[in-house]
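Participant: Knowing the structure of chain D, use the given hints to seat chain G with the ligands on it.
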Amino acid sequence: MDRRKTLKTLLGGAVGTAFIGTTTGCDRNGDPVPASAVEAETEGYGLRTAYEAEREENLRSERFFSDDELQTLAVLGNIIIPGVEESGFSEFCEFMAKDQPAVHATRLRGGLAWLNADSSRRYDGKSFTELDDEQRIAIVDEIAYPDPEATTQPPGVQFFNHARYMALTAYYTSRQGIDDLGYVGNQANVWDGPPQEVLDKHGLAYDPKWLPLYVDQEKRTEQIQWDDQGNII
Amino acid sequence: MQIKKNDKEYDAIIVGSGAGGGMTARRLAENGLNIAIIEAGPYFDPQDNEMRTQLRWPYESPRRGASTTRPFGDFNAAFGGWDIPGEPYTTTPGTRFEWFRSRMLGGRTNHWGRISLRFGPDDFKHYDKDGLGANWPITYDEIKPWYEKVDKLIGVFGTNEGLHNDPDGFFLPPPKPRLHEMLISKHAKNVGVPFIPSRLSIVTKKVNDERGLCFYCAQCSRSCMVKADFSSSSALVIPAMNSVGQVDLYTNSMAREVITDSTGRATGVSYVSKEDRREYTIKGKVVVLAAGSCETARLLLNSHAPGQENGLGNGSGVVGRYLHDSTGLNVSGFVPSLMDRKRYNEDGVGGLHVYAPWWGDNKKLDFPRGYHIEVWGGMGMPSYGFGGGILEMQRAVGERVGGYGRKMLDEMNRYYGAYVGMAMRGESVAMYDNYCEIDPSGKVDEWGIPTLRFNYNWTDYEYKQAQHAQKTLRSIMDDMGAELVSAEPGKDREYGLLAPGEIIHEVGTARMGDDPKTSVTDRWGKLHESPNVFISDAATFASQADKNPTWTILALAWRQGDHIVEELKKMNI
Ligand SMILES: Cc1cc2nc3c(=O)[nH]c(=O)nc-3n(C[C@H](O)[C@H](O)[C@H](O)COP(=O)(O)OP(=O)(O)OC[C@H]3O[C@@H](n4cnc5c(N)ncnc54)[C@H](O)[C@@H]3O)c2cc1C
Ligand code: SF4
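Same order as they appear, the protein sequences are chains D and G. Position in the first sequence (first residue = 1) + 1 = this note's numbering. Position in the second sequence (first residue = 1) + 54 = this note's numbering.
Be a bit skeptical, because a hint or two may be false.
To be verified - In silico lysine-lysine, BS3-like type, Cα no more than 25 Å apart, as pairs:
(1) D:K220 x D:K210
(2) G:K545 x G:K418
(3) G:K260 x D:K220
(4) G:K183 x G:K623
(5) G:K623 x G:K339
(6) G:K240 x D:K210
(7) G:K179 x G:K417
(8) G:K624 x D:K220
(9) G:K518 x G:K497
(10) G:K417 x G:K545
(11) D:K202 x G:K396
(12) G:K203 x G:K624
(13) G:K525 x G:K545
(14) G:K240 x G:K396
(15) G:K260 x D:K210
(16) G:K198 x G:K260
(17) G:K206 x D:K220
(18) G:K525 x G:K62
(19) G:K624 x G:K337
(20) G:K240 x D:K202
(21) D:K210 x G:K243
(22) G:K179 x G:K198
(23) G:K623 x G:K337
(24) D:K202 x G:K623
(25) G:K417 x G:K243
(26) G:K179 x G:K518
Just so you know, these hints were derived from the structure itself, not from any lab.
Next comes chain G alone, as it looks inside the complex:
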């Protein structure tokens, strides 16, 4: 295949336009740099009416919103999912990993949950606490100023609670809770689990002139046309393109590898254009990888420099290793006291208004890491599958199971809004043996790029945590008088744990550290073995917390962007 050359040399090339790439792009562009963004998917702008799925009705979709081609429903703003045609991956026999990818400008930030949590002081030094995994090379205090900048630029609602490991911030005021959220909070308190207002990056009060105000449609997963939710496309990349810097956006361009000179210094990136399936290269002084943790690992493993035959920056051999996702399990049920509800618009924001940060003390428990609890329920917009649980609900309230006609509809109307659920999202321990690698069978995707194979198993740490969570969530439900849908799963069903990857918080595949023998990047996210290759996604995470990762990706990317600008100024790169 002929490699085409473009003679322009950019100050920086950024691969991927999600949370990490978007933030880096904005910081570099605002500082006047000349940058290229290589993005595998098409252009996307939630403000464009033609692209809008927000405020559409289920009957506008022939499948009534079913998730046939989009795992989170037909109106969800994710171009991708667990399986992308032509872009396969595999797992080693007997192991599981689900890999969610979204190919579009803004990546997965167009439809993510907007739960925006800072990591706490302990989360950066967990090895010191329990001797497992590795410490981060940085402390909470070092990253705190960057969290503050992110809070103030993007906007996140919440409340300052003074909790040691769930730090306060610069919050917008939170929305009042919904009915079921108040009910759950009350019963959780009864069993000793404190709920607090949630922390979501949704603009409830004017934060700046760039962004609109939330009008409470509960559809952030469709991406917001007034830019009241945080999407990297509308809140970072498009502003970057309108800033003082020069931004060239290469969409539908699938990066293949980082090109280096004989010393390991990057000179550019090669990509396959999805239009003509030909390979191109562009040149840059700095390369920033932000394709999402696993894809970033894949890019490194597919890139080679003299002396770095096992993958660029992989002298330690840990590229792809220590892959870890949050743990997750769900418990849901029918709450008879929520039947016969008065109707009113209960949409609220596109996510939960309350949550429970980790309240436990692992020193007194038989598992090392914590989890937080999310909730759902309420009188939401019907979509495909609505009414699917009617038989269970009839059974729960002692009606004759089954039926048809007006009687059945009246029953359904009485049950509406009485179904609630809770989700546990926890921290797993990063393990050397959980990894992704280039598939040894030599498979390539439709762009000719070698694909990934995953190997991931939960350990006893996660199983014990899951058992604790099952008990806790079920006790809250019991206290509420809920009829649970399913019995508590045992060991054979991994205590209800979802497969690794399913929580979509995969991190750690090129972890940062001070020791090049055990880590891939330094504290700035720069490869130990290359002077000008940086990573600005969650691949650098030494450990995930019992929090969602994106606010930390954004803070680290901002910090890194400013560092790159400084280093370029000082001619250090």
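Looking at chain D on its own, in the form it has when it is part of the complex:
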């Protein structure tokens, strides 16, 4: 483990030594404490354990898809969701193929190969990226609508389902998608129930028994006090 990381770890408070105490003078029998694989450390999105950090470093040093494959993913992704490359779609596919290979690697790689084979068969040996827009859409339209009654779907449909799944995740977990969706949380808030118009629309109302008991957000900073029965006073 390099020194920079160990330092960062120490600064992060995730102390690698086995001893943290309010007493001083106990240095674990004077033994030097080796840095080790059990240290927790930070990696930019909140604490990662050393196992996770090391694993991620390994994944990042590997490359799964070829340039061609990545380009094909990008072209297809932008058909599924226009602009999804800005949400990091192909990069996300690359990472997930290594992060969860059993789920994604062959499904995506095999699907891309299927797509190119299909393009080639139909359009004179061309790969999917070599097609024009109309030709691409012609292929996509044949695989984008699974038959809801069928028990198994043909390979192209299965691939498209998976690509759609990845595109939806990439998009809606990105800034653009979150804004498109209109999710407005993940920030400090004072929850005081759904807006009245929403309750009205759904024909719902608070139970009068509990209405006076819900937290009065105006008074939440005042110290709680109870009588002997547990009633708030």
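Facilitator: Okay, now just chain G with the ligands, sitting in the frame of chain D:
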């Protein structure tokens, strides 16, 4: 392997820093004792910005929050999961058990659900009611004062409902319900299931100077930087370290066994340091085991004293036996009337705002124990897998299934917030034949410590309860006009019951009782066969209730901590 000795003798050594260990540590330290905490995982403090996963966005994670290394998602504050590299366990052929462990200061309380329910009077005497399992040696009235102390120190919101077996408490005011929670409550009432405000240990109103106020981000599972949720790390262990007592915290230290003298009195604990993989011992006048029910059983079974060759305190042979978890199953579906929702911040607290405590009367039913119902849904933050159900939703509303482009996104936006679910969490019956034991094949983990093997089967009691729950949950969903995702599972799928262990309420592996022949500890959680070894986690539970266990762990640990202080003062230990 050389065993290193440290000559200092602590008043007490506590193994594990979760709910049980944290509370014991705080009580002993506040009483001025000199204690050591041995914790298998690293230091963790949710207030430390470098460790913070709270308020992060899904795109900050390369896997967009996927659960590759953390079962509850990439931002979840659990260092561990069902499988920990280098720390295996096995099950006997044909049986199932899933063992969730979290190795860090505060254990599983950094990311637990915060559902904080007292057990009721019947829960301590269930044998008297139905002749199954065993009574606890204590009554609700004996533990009630300790529940009150826990309520007042830690803070739990809820309402006093005057329900016989779901006792009132000293509650903070609850948050108003979310839209889907109001909808579910309404339709549940239609089918005869009463929902009430939930009871979660989240600070909605100032409880004391130690803790912050909830700002409604719905992310308690990431552990709260303002300490508005209860985590043992921030609410118990760190305050203990700042109290009058002396607290030495040994992190990354995996306890191996309790060391005893020839009479069975504990003299210390040995542990393997994860830094140098060497074994150390520390000495103490009292040893408190709180490593989590199964790990505590493992420690006892791996410890030996003269005459106690089958494991420390195991003269009864029931260490590891009567292991039981809550039952659980889930039903979810798409509610068309919740489509096209107006957007607003609906995060709320990190958990449900309403729930249904057990409302039934088992005397009139064909199964002995009850269950409660939890709910989920709403306009939550997207994470990995968002949109995964689009085909089912299109199908539910009669759209053409599949597609792409703007049309698909518009559809997805309309469906957002219309997907809801309900979970049944019930009481199972503690059985002698459900147990964990030291793996007879002689396996060890990477620290050289013999591992556990589990043997657990559900019985007809649980199957019948599950069938009842399937019917109930589905009838609420039907009343709401929900399109259910899956058909009702039959016997072949165990009526949808999750595997034992999956609800993560495993208890009972060193149950308390007055009779040393059938129980492991006395009413204080002290081993019958050792004068100074205590257990402060849920291993001592004679029976689980249709409630979650942690509030009871905390109350029992507080009571036990004060008892230990008294006994040390009186020189009884
Ligand atoms: C996702 C999730 C949701 C939950 N929701 C709820 C809920 O809503 N309500 C509820 O009541 N309960 C809930 N629980 C259960 C709750 O977390 C546990 O009941 C509680 O944490 C148990 O406390 P404990 O002290 O027994 O063990 P833990 O919290 O597991 O702590 C044990 C500690 O001991 C350490 N340890 C283990 N082995 C060793 C060893 N050999 N040497 C040294 N240290 C060791 C561990 O690292 C850990 O820190 C939930 C759990 C999970 C995971
Ligand atoms: S919901 Fe409240 S208590 Fe939970 S993490 Fe967010 S602010 Fe903290």
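Participant: State for each hint whether it applies.
Facilitator: Consistency of the hints with the structure:
1. D:K220 x D:K210: Holds: K220 of chain D and K210 of chain D sit about 20 Å apart, inside 25 Å.
2. G:K545 x G:K418: At roughly 23 Å apart (the allowed maximum being 25 Å), K418 of chain G and K545 of chain G satisfy the hint.
3. G:K260 x D:K220: 9 Å, holds
4. G:K183 x G:K623: Violated. K183 of chain G to K623 of chain G sits at ~39 Å, over the 25 Å cutoff.
5. G:K623 x G:K339: The given pair, whose Cα atoms are some 12 Å apart, holds under the 25 Å limit.
6. G:K240 x D:K210: 14 Å, holds
7. G:K179 x G:K417: OK: K179 of chain G and K417 of chain G at ~15 Å, within 25 Å.
8. G:K624 x D:K220: 45 Å, violated
9. G:K518 x G:K497: Violated, because 37 Å separates the two Cα atoms, which is more than 25 Å.
10. G:K417 x G:K545: Distance ~24 Å between K417 of chain G and K545 of chain G Cα, so the pair holds.
11. D:K202 x G:K396: Judged against 25 Å, a Cα distance of about 10 Å means the pair holds.
12. G:K203 x G:K624: Holds. K203 of chain G to K624 of chain G sits at ~24 Å (cutoff 25 Å).
13. G:K525 x G:K545: Within the cut-off at roughly 14 Å; holds.
14. G:K240 x G:K396: Within the cut-off at roughly 20 Å; holds.
15. G:K260 x D:K210: 23 Å, holds
16. G:K198 x G:K260: 23 Å, holds
17. G:K206 x D:K220: Measuring from Cα to Cα gives roughly 18 Å; hence the hint holds.
18. G:K525 x G:K62: Given pair K525 of chain G, K62 of chain G is violated - Cα atoms ~60 Å apart, limit 25 Å.
19. G:K624 x G:K337: Between K624 of chain G and K337 of chain G the Cα gap is close to 21 Å, so the pair holds against 25 Å.
20. G:K240 x D:K202: 15 Å, holds
21. D:K210 x G:K243: 15 Å, holds
22. G:K179 x G:K198: 15 Å, holds
23. G:K623 x G:K337: Given pair K623 of chain G, K337 of chain G holds - Cα atoms ~19 Å apart, limit 25 Å.
24. D:K202 x G:K623: 64 Å, violated
25. G:K417 x G:K243: Since the Cα atoms of K417 of chain G and K243 of chain G sit roughly 22 Å apart, the hinted pair holds (cutoff 25 Å).
26. G:K179 x G:K518: Holds: K179 of chain G and K518 of chain G sit about 22 Å apart, inside 25 Å.
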